[in-house]
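As a plain string of letters, each chain reads:
Protein chains: 2
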Amino acid sequence: MFESAELGHKIDKSTYDAEVPRLREALLDAQFDLAKKAKFPVIILIGGVDGAGRGETVNLLNEWMDPRFIETHGMGKPSDEEMERPMMWRFWRALPPKGKIGLFLGSWYTWPILNRAMGITKAAELDQSLERAKRLEKMLTDEGALLIKFWLHLSKEKQETRLKLLENNPKTRWRVTKRDWDHFKRYDKFLTIHESVIRHTSTAEAPWIVIEGADSRYRSLTVGKIILEAISKRLADSDKKKELAVRAAPLLPSIDKLSILKTLDLAQKLDKKKFEASLEKYQGKLALLTRDTRFKDITVIAVFEGNDAAGKGGSIRRITGSVDARQYQVIPIAAPTEEERAQPYLWRFWRHVPRKGRITIFDRSWYGRVLVERVENFCTEADWMRAYLEINDFEAQLVRHKIVVVKFWLAISQDEQLRRFEERKKTGFKRFKITEEDWRNREKWDEYEQAICDMVDRTSTSVAPWTLVEANDKNIARIKVLKTLCRRIESAMNAVESK
Amino acid sequence: MFESAELGHKIDKSTYDAEVPRLREALLDAQFDLAKKAKFPVIILIGGVDGAGRGETVNLLNEWMDPRFIETHGMGKPSDEEMERPMMWRFWRALPPKGKIGLFLGSWYTWPILNRAMGITKAAELDQSLERAKRLEKMLTDEGALLIKFWLHLSKEKQETRLKLLENNPKTRWRVTKRDWDHFKRYDKFLTIHESVIRHTSTAEAPWIVIEGADSRYRSLTVGKIILEAISKRLADSDKKKELAVRAAPLLPSIDKLSILKTLDLAQKLDKKKFEASLEKYQGKLALLTRDTRFKDITVIAVFEGNDAAGKGGSIRRITGSVDARQYQVIPIAAPTEEERAQPYLWRFWRHVPRKGRITIFDRSWYGRVLVERVENFCTEADWMRAYLEINDFEAQLVRHKIVVVKFWLAISQDEQLRRFEERKKTGFKRFKITEEDWRNREKWDEYEQAICDMVDRTSTSVAPWTLVEANDKNIARIKVLKTLCRRIESAMNAVESK
Chain A
1 MFESAELGHK IDKSTYDAEV PRLREALLDA QFDLAKKAKF PVIILIGGVD GAGRGETVNL
61 LNEWMDPRFI ETHGMGKPSD EEMERPMMWR FWRALPPKGK IGLFLGSWYT WPILNRAMGI
121 TKAAELDQSL ERAKRLEKML TDEGALLIKF WLHLSKEKQE TRLKLLENNP KTRWRVTKRD
181 WDHFKRYDKF LTIHESVIRH TSTAEAPWIV IEGADSRYRS LTVGKIILEA ISKRLADSDK
241 KKELAVRAAP LLPSIDKLSI LKTLDLAQKL DKKKFEASLE KYQGKLALLT RDTRFKDITV
301 IAVFEGNDAA GKGGSIRRIT GSVDARQYQV IPIAAPTEEE RAQPYLWRFW RHVPRKGRIT
361 IFDRSWYGRV LVERVENFCT EADWMRAYLE INDFEAQLVR HKIVVVKFWL AISQDEQLRR
421 FEERKKTGFK RFKITEEDWR NREKWDEYEQ AICDMVDRTS TSVAPWTLVE ANDKNIARIK
481 VLKTLCRRIE SAMNAVESK
Chain B
1 MFESAELGHK IDKSTYDAEV PRLREALLDA QFDLAKKAKF PVIILIGGVD GAGRGETVNL
61 LNEWMDPRFI ETHGMGKPSD EEMERPMMWR FWRALPPKGK IGLFLGSWYT WPILNRAMGI
121 TKAAELDQSL ERAKRLEKML TDEGALLIKF WLHLSKEKQE TRLKLLENNP KTRWRVTKRD
181 WDHFKRYDKF LTIHESVIRH TSTAEAPWIV IEGADSRYRS LTVGKIILEA ISKRLADSDK
241 KKELAVRAAP LLPSIDKLSI LKTLDLAQKL DKKKFEASLE KYQGKLALLT RDTRFKDITV
301 IAVFEGNDAA GKGGSIRRIT GSVDARQYQV IPIAAPTEEE RAQPYLWRFW RHVPRKGRIT
361 IFDRSWYGRV LVERVENFCT EADWMRAYLE INDFEAQLVR HKIVVVKFWL AISQDEQLRR
421 FEERKKTGFK RFKITEEDWR NREKWDEYEQ AICDMVDRTS TSVAPWTLVE ANDKNIARIK
481 VLKTLCRRIE SAMNAVESK
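So the protein lines, in turn, are chains A and B. Numbered per my numbering, the first sequence spans residues 1 to 499. Numbered per my numbering, the second sequence spans residues 1 to 499.
Hints may contain errors.
[To be verified] Heads up, incomplete: computed chain B residues facing chain A, CB under 8 Å, no partners named:
| id | residue |
| --- | --- |
| 1 | K10 |
| 2 | Q128 |
| 3 | S254 |
| 4 | D256 |
| 5 | T263 |
| 6 | L389 |
| 7 | N392 |
| 8 | S460 |
[As the list claims (entries may be wrong)] Chain A stretches covered by chain B per the calculated footprint, using a threshold of three residues with CB under 8 Å from any CB of chain B:
| id | stretch |
| --- | --- |
| 9 | 126 to 136 |
| 10 | 155 to 167 |
| 11 | 201 to 212 |
| 12 | 227 to 236 |
| 13 | 249 to 260 |
| 14 | 378 to 386 |
| 15 | 459 to 466 |
Derived by calculation from the structure, the hints in this document are not laboratory data. All C-beta atoms in this analysis are idealised placements derived from N, C-alpha and C, irrespective of residue type, glycine included.
Using the sequences plus the hints, can you model the full thing?
Right, here's the structure in full:
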């Protein structure tokens, strides 16, 4: 793996001085084109061993390129803010938008490698981390990102020389710490792990590029040229977007027309009196639960999806009505903003992942991808087919971080929907709630039903199950939502307690 | 995950009787088209819980379809033959060729699930197995296979009913074993594992299709219709082969023109006398090693690659000269046969993986993919880019099964090659060894050199390292090959011993 990066590569000063001005000019041109077209983001990871020039490379690239279109992220120890979210959150928030370059010093590989080298994790755990990294990278490249992964390498001998050199120079002495020497002592252990990381995560979409780090001129020119080539090549072919063929068996509706939605008993009713008693009970319970000291360690994400006019807003208000306003946030999901369109589709949801002790309620959610975007052909079949895995992966990351994920599908019948649409048309203050689009969606009832069933089948998991809510009667729906939410919070609290 | 498969799906007899003849006819037509075009293989996995009708489904499909184009594989306990090879070998040997359907009752998921349910493995190990399964499936679908994965499900209640029903009927009593009831007792444990398997391995290319297994008519019609749809859809678009865009940064030659090949000292020489002494020593050693009783537990795969006329044959003969003819096999790799062309490209190598106590020598190998196929454009950039990962994965499977993988690159200079080509032209009995193609390849020397360096950098791993052999002097080369082989066998033996 490291053969070519231990040969003693070198570039002499005169060659370097002759080449750099041309390279810089070309890089600036490429950057300008990239920003102008804004078709894809460029994500550059700079990894490697201590003393191989990772920091210098980042500095140099910042010097060579236009700082307006490049963002540098030194991924050191996570902040408190970051520790309260799943591990990948800090990377999601740092992703560059289309047209820009994100330069990462340290990446999703840094901590898995360190933890393994220090004996904190086992080999199988490292493998799991690497698979998570691969899934993230696959999602990024599937979403169109250009991902360039540099690994700066030094042989054991060269690393020692380099550390001593830095240490002996008064100007650079501060850069060599005890930690560097500790790592050096474990060189062979690290090497084995690095090899395994590079071998397992050099995919066709995002292979590692290993570069010898000893000679700064060789290293800098190589990194610069590869970035230039990669961006130029992608700019040249990004216009003819190739649609990927889906090679999977198609998802078909059930042959006996029976579906989970059809089995719901939508006729059930709850009279006003019983409703009010239940409402008081469960709102009271929710109020106590969210004010319990143990709630400080709990994070809740509640997702509301449902047919148009199914009453999502009403149900949400019954929740927020009993929770302290500082504790919750409601995120209505409409068309994505310009900033959001410049990012992978899950980005707009990752940015709202709450801290501990908070509840975030999504009024519509990431499930738009496999519902409206699927039915209306806003994305390709390949895109929504891979979304099931990406969504499960996203939610598994939330759950692994002890976030309670509660997902509601509010179901009404076609007749009930019509009744509500007509009512909205008539009632002045409700008229804003009904649009042409609602009527159009209604015509595709069967297609939506198929998409909903596939969604539940493919994303209702033991860790993040869907709750189907019979919503023809608003009272029934509101109580079921409150009750489910209380139950899920309670069991999460008990899990905290019993630890 | 299993919501829709617990609804009590049913198809009544008259509907079934009306639909089946049409379905069978359509399936036979599709099968015929598939065989005629022979563009891709169809791989169908039938998984699921006991009593959900897996066996019946396989039988029915065999009854419905043309047995000439369908191969059924009941993947029970592996045979002795199979136990001596890596786990995946039995699946590779069973893969259907293009134009045929392979029906698998039991799959690469069976044992990982069982081992986890029985507490033999941990969750992290299950994850590792699933990742291996995903890599295999990705390779299969990347190679064009249509992969359909059925999961036949029963609720706990239904499973109990079904097992009792089978048990109470004298005709089917034999089908219910103690093992079935043992598994039933662990229903919940299995369910959790099944859910995790389906969640993690439902990829966009090969999602699981979960089907309720209780009603045989519903089950059979559903399976039949999905197979029909999937094959028809793929037949319809398999003609317009879409080339996948490579989104990775391009692999560039080193900017200082220094490469691992250029650092080899090709001028070194070994005189005849010293050579003969060394030859005797190492051939003797190899003879002893391969006749040692501990060698019975060792498997060796030696790979020979090198420039044209680098002397691979001569080096191989120096090995085989000292090994018992029953112990070794030399596999010369030329253009693939018709049968091999109908399979994923690694298939022709998997079929030659030896049993224990044997040595298999490949004269050229799977590395053709990233050498000649890359340089001559015999495959797309996407194909050879993913090959590095696939090859590393293949070799890792061999090594995990304690196979010693020794890889030699025999390097000669451009001048030396010319000298040998000229000599071959002149010498009558060597004339067959030189073709027009050799001269053509020679013109692409630089491109090949780049491909060789990338190959070594990306596939030389600590578990399966490349040995670069300076081969301008044949004596030097032959001794280095023998010495390396002996050393690798010795250390594998010592590892066995110290266990």
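Going through the hints against the structure:
1. K10: Holds. Min distance 6 Å.
2. Q128: holds (6 Å)
3. S254: holds (6 Å)
4. D256: holds (5 Å)
5. T263: With a minimum Cβ separation of about 6 Å from chain A (threshold 8 Å), the hint on T263(B) holds.
6. L389: holds (6 Å)
7. N392: holds (5 Å)
8. S460: S460(B) check passes; min Cβ-Cβ to chain A is 6 Å, inside 8 Å.
9. 126 to 136: holds (count 3)
10. 155 to 167: violated (count 0)
11. 201 to 212: holds (count 8)
12. 227 to 236: holds (count 5)
13. 249 to 260: It holds: at least three residues are needed, and the stretch 249 to 260 of chain A offers 10 whose Cβ sits within less than 8 Å of chain B.
14. 378 to 386: holds (count 3)
15. 459 to 466: Coverage by chain B holds here, the residue count being 4 at a Cβ distance below 8 Å.
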